[in-house]
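Residue numbers (the working numbering), protein chains in the order written: chain A, 48 to 307; chain B, 163 to 231.
Bear in mind the hints are in silico, worked out from the structure with no lab data behind them. Treat the hints with caution; some may be incorrect.
What the hints assert, rightly or not - Short, incomplete list of chain A residues facing chain B, as computed with Cβ under 8 Å:
id, residue
1, 128
2, 135
3, 257
Bear in mind that the values here come from a model prediction, so they are computed numbers and not experimental data. Where a beta carbon is used, it is the ideal one built from N, C-alpha and C, also for glycine.
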Amino acid sequence: MGTGALFLAVFIACAVEAVEATTIVLAAGTARDWRSANTGLVAALAVLAVITAALGPAITALPLSALRLFVGALLLIFGLQWLRKAILRASGHKALHDEDAIYREQLRAAQAAAAHRARLVPDMYGFTLSFKGVLLEGLEVVFIALTFGSNQHQIPLAALAAVSAVVIVGLAGVIVRAPLARVPENTMKFVVGVLLTTFGTFWGAEGAGVTWPGPSDAALLVIAPAVVVFALALVAALRRVPADGTPAGAPMPVGAGEAS
Amino acid sequence: MAARFRAFAAFVYDFVIGDDWLVAAVVVLGLAVTYWLSHAATVSAWWLLPLLLAFLLPVSLWRAIRAKR
Numbered sequence: 048m049g050t051g052a053l054f055l056a057v058f059i060a061c062a063v064e065a066v067e068a069t070t071i072v073l074a075a076g077t078a079r080d081w082r083s084a085n086t087g088l089v090a091a092l093a094v095l096a097v098i099t100a101a102l103g104p105a106i107t108a109l110p111l112s113a114l115r116l117f118v119g120a121l122l123l124i125f126g127l128q129w130l131r132k133a134i135l136r137a138s139g140h141k142a143l144h145d146e147d148a149i150y151r152e153q154l155r156a157a158q159a160a161a162a163h164r165a166r167l168v169p170d171m172y173g174f175t176l177s178f179k180g181v182l183l184e185g186l187e188v189v190f191i192a193l194t195f196g197s198n199q200h201q202i203p204l205a206a207l208a209a210v211s212a213v214v215i216v217g218l219a220g221v222i223v224r225a226p227l228a229r230v231p232e233n234t235m236k237f238v239v240g241v242l243l244t245t246f247g248t249f250w251g252a253e254g255a256g257v258t259w260p261g262p263s264d265a266a267l268l269v270i271a272p273a274v275v276v277f278a279l280a281l282v283a284a285l286r287r288v289p290a291d292g293t294p295a296g297a298p299m300p301v302g303a304g305e306a307s
Numbered sequence: 163m164a165a166r167f168r169a170f171a172a173f174v175y176d177f178v179i180g181d182d183w184l185v186a187a188v189v190v191l192g193l194a195v196t197y198w199l200s201h202a203a204t205v206s207a208w209w210l211l212p213l214l215l216a217f218l219l220p221v222s223l224w225r226a227i228r229a230k231r
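In isolation and in its complexed conformation, chain A is listed as follows (with noise of 0.2 Å):
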């Protein structure tokens, strides 16, 4: 796997959490206040940076086949967990995936609870808010950096790539003061599941003891566009199925119903 497809894998992975932390932010520093929202934030990266202190070593001290046999596992049951929602989006059968109405549903449940302070944080329910979304999404962003970087060797670069994300996408966030909804979300969680299930299948395998085919890394080659072909013939088969007693969809490309 070159640098430039684990740079890229991992930028993606982690651009489409860092999209959610943000719009939750959002909502809880407009509905609530900010500096209580900033303050869940703050405290979220800085638990964040200790499991990522303490994962990190116990990670990398793994022998490579044990580690990319969990590794493996893990990525293709996240992969195809991901795989799973994106085609059941993409012909239908699962509401697309929507930064504007999922914002505006945490403004609406931020605005209505009842407002608590503590000594260092005027709202807690806003440092809730925020601290959870953060950690929550943020546990997913380490787990990926980490998992793809030990597996080449290569976790300064992973790291990097999940710190551009995440440092772009927040920039975006405090630039516009909106959800980005702008993102193609679904598009990208469909991509990231594809390379969840190819690099979780490869590793996996590796792991268990397997000498795929051909050169080193060829087979990724091979995994990949397999894994898309049998993803969009899903995709144009559940399409035929009638979703929730209503008519079959119309054709709906992977990513339509987003913001353009």
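The hints should help you fit chain B onto chain A, whose structure is shown.
Below, chain B without anything else, positioned relative to chain A:
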């Protein structure tokens, strides 16, 4: 304390296993069989995982659609 442990366990389950436990179970089983074939039976089992996924993904999708109805 017990409630916090339950909440943490629920979080880990949701984070790792997700919406369909069958996916996690089949992936773990598939890797275990691949490991066994590669080490005990010395078979080149590179084909097993892709084959398993070709069955698992449609089944998981079918379960999701059926559960929604």
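Starting from the hint list further up, note which numbers the structure goes against and sort them upward.
none
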